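Here is how the chains run, residue by residue.
Protein chains: 2
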Amino acid sequence: MATSTARRTQGERSAEARRRLCEATIDCLAAHGYAGTTTLRVAEIAGLSRGAMQHHFGSKLDLVTAAAEYLLDGALARTVEMAHRLRPGEDRVRGFVRDAWRKLVASPRYDAILEIFVAVRSDAELRGRIEPVLRRLSLSLAAAVGTLFRTRDGSDPALLVGMTFTLLRGLSLEAGLYRDPALVERVLDQWADMLGDRLVFVDEAAAAG
Amino acid sequence: MATSTARRTQGERSAEARRRLCEATIDCLAAHGYAGTTTLRVAEIAGLSRGAMQHHFGSKLDLVTAAAEYLLDGALARTVEMAHRLRPGEDRVRGFVRDAWRKLVASPRYDAILEIFVAVRSDAELRGRIEPVLRRLSLSLAAAVGTLFRTRDGSDPALLVGMTFTLLRGLSLEAGLYRDPALVERVLDQWADMLGDRLVFVDEAAAAG
Chain A
0 MATSTARRTQ
10 GERSAEARRR
20 LCEATIDCLA
30 AHGYAGTTTL
40 RVAEIAGLSR
50 GAMQHHFGSK
60 LDLVTAAAEY
70 LLDGALARTV
80 EMAHRLRPGE
90 DRVRGFVRDA
100 WRKLVASPRY
110 DAILEIFVAV
120 RSDAELRGRI
130 EPVLRRLSLS
140 LAAAVGTLFR
150 TRDGSDPALL
160 VGMTFTLLRG
170 LSLEAGLYRD
180 PALVERVLDQ
190 WADMLGDRLV
200 FVDEAAAAG
Chain B
0 MATSTARRTQ
10 GERSAEARRR
20 LCEATIDCLA
30 AHGYAGTTTL
40 RVAEIAGLSR
50 GAMQHHFGSK
60 LDLVTAAAEY
70 LLDGALARTV
80 EMAHRLRPGE
90 DRVRGFVRDA
100 WRKLVASPRY
110 DAILEIFVAV
120 RSDAELRGRI
130 EPVLRRLSLS
140 LAAAVGTLFR
150 TRDGSDPALL
160 VGMTFTLLRG
170 LSLEAGLYRD
180 PALVERVLDQ
190 WADMLGDRLV
200 FVDEAAAAG
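Protein chains in written order, with numbering that gives the first Met the number 0: chain A, 0 to 208; chain B, 0 to 208.
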């Protein structure tokens, strides 16, 4: 915080420019969709010249891949943070499902992920770039989930947490259509019931065992 | 079947042309996405002149709305038919989940629905047309589910069946990325376990009660 712009190193300034370009790509994807996302638009949103942008990212594919990685890494960190904030004694599985919806999947920046997921279906080049990002992320998610959760019935906690996001992604698709907050609440509650039959926070599992 | 083309009524020919245009729109959406779907392309795929097409559908919005209704009505009929085909004694809930995936959500024509759902997010005019179609459909689905299923725990069977499609829609988004059939199988199995704890076919519920 005390570091003035003048005293920033080249590396710090470069990281900051990349972060700004990732944020701008996320905004652009959410607002204009994948087809409407261009390097020119992203540079404009980031407030950088096209040349400055091309110093960091040479193509739309580079930009979108970096933005996806940045966004998904952030979502994973947020997921872990959310889980840690929920206190024993509360209905923590319900709290986790609600937070995952409210703070992650239903937040506007998450629309960018939806756009990328859909674009990948008909764009093999993009898929080739996004696939390794996703594979790495799902390994990190599995590792994080292993430190947070156990299951009552021997099912895989990483699978159950992954399915939570799968369901919420499907819900976010439908929520765009129905705009029915009561239906969303019912789905979140029903899933929390079903998940809570199986999933427990690791400290509760230790207390019970 | 015995009706020759010559003996078809005007109404029959018109219905057939509309059906062909809906099928062509579905193909076009699945292959070229919403942005790449144009009335010209649809007329070409349907093998109709642009004039003939415009006699039935005046705009892309009309075409896409009609195609969505046609596709979703077909999916509902298919869902009911699939449920009726599963015989007591089998693990019918698992069979239902697998069929819903294999025969509906994962089938290529379902990509058209995904395209429409995503397009709706940033297109208020399209949403205004698709919303009533969806509302009518979810009432029909609820009515159909009421004749097919009960729950063991007082939860709403229509909600659970709806959530099945919500989860599978999310899964179809991810399946485009991961191309990991083993993961898909694990999700289907885990959901069948969770759903089977609560949902029963109505004839089994009657036998048990």
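Hints are computed from structural coordinates only; laboratory data are not their basis. Just so you know, these numbers come straight off a predicted model, no measurement behind them. Incorrect hints may appear among the rest.
[Said to hold, decoys possible] Derived CB-CB ranges, DEER-like:
no.: 1; chain 1: A; residue 1: Val-79; chain 2: B; residue 2: Leu-60; range: 37 to 45 Å
no.: 2; chain 1: A; residue 1: Arg-18; chain 2: B; residue 2: His-83; range: 50 to 58 Å
no.: 3; chain 1: B; residue 1: Gly-127; chain 2: A; residue 2: Glu-89; range: 19 to 27 Å
no.: 4; chain 1: B; residue 1: Glu-15; chain 2: A; residue 2: Arg-134; range: 20 to 28 Å
no.: 5; chain 1: A; residue 1: Ala-30; chain 2: B; residue 2: Ser-58; range: 19 to 27 Å
no.: 6; chain 1: B; residue 1: Ser-139; chain 2: A; residue 2: Asp-152; range: 52 to 60 Å
no.: 7; chain 1: A; residue 1: Ala-105; chain 2: B; residue 2: Lys-102; range: 51 to 59 Å
no.: 8; chain 1: B; residue 1: Gly-35; chain 2: A; residue 2: Arg-86; range: 20 to 28 Å
no.: 9; chain 1: B; residue 1: Arg-178; chain 2: A; residue 2: Arg-6; range: 42 to 50 Å
[Claimed, not checked] Now the stretches of chain A that chain B is said to cover, found in silico as 3 or more residues with beta-carbon under 8 Å:
no.: 10; stretch: 142-150
no.: 11; stretch: 159-169
[Unchecked claim] So these bits of chain B aren't anywhere near chain A, every CB distance computed over 12 Å:
no.: 12; residue: Gln-9
no.: 13; residue: Thr-38
no.: 14; residue: Glu-80
no.: 15; residue: Arg-93
no.: 16; residue: Met-162
no.: 17; residue: Ala-174
no.: 18; residue: Ala-205
Glycine included, C-beta positions come from ideal geometry on N, C-alpha and C.
B/Arg-178 paired with A/Arg-6, Cβ distance criterion 42 to 50 Å: This hint holds: roughly 48 Å between Cβ atoms.
Satisfaction of the hinted span 52 to 60 Å by the C-beta atoms belonging to B/Ser-139 and A/Asp-152: violated (35 Å)
Verify that the Cβ of B/Arg-93 lies farther than 12 Å from every Cβ atom of chain A, and report whether the claim holds or is violated. holds (15 Å)
Kindly confirm whether 20 to 28 Å is satisfied by the beta carbon distance between B/Glu-15 and A/Arg-134. violated (47 Å)
Is the nearest CB of chain A more than 12 Å from the CB of B/Met-162? violated (6 Å)
Evaluate the condition: distance from the CB of B/Gln-9 to the nearest CB of chain A exceeds 12 Å. Nearest chain A Cβ is 35 Å from B/Gln-9, so the label holds.
Range hint 51 to 59 Å (beta carbons of A/Ala-105 and B/Lys-102) holds or violated: The hinted range 51 to 59 Å is violated for A/Ala-105 and B/Lys-102, with Cβ atoms some 30 Å apart.
Cβ separation of A/Arg-18 and B/His-83, checked against the hinted range 50 to 58 Å: holds (55 Å)
A cut-off of 12 Å on Cβ-Cβ distance, and B/Glu-80 was said to be off the interface with chain A. Does that hold? Given that every Cβ of chain A is farther than 12 Å from that of B/Glu-80, nearest at about 23 Å, it holds.
Beyond 12 Å from every chain A Cβ: check whether that's true for B/Ala-205. For B/Ala-205, whose nearest Cβ neighbour in chain A is about 24 Å away, the distance exceeds 12 Å, so it holds.
Can we trust that B/Thr-38 is non-interface, i.e. its beta-carbon lies farther than 12 Å from all of chain A? holds (18 Å)
Given the hint of 19 to 27 Å, check if B/Gly-127 and A/Glu-89 actually sit that far apart at their C-beta atoms. Violated - the Cβ-Cβ distance for B/Gly-127 and A/Glu-89, about 41 Å, lies outside 19 to 27 Å.
The structure shown violates the earlier hints numbered 3, 4, 6, 7, 8, 10, 16, 17.
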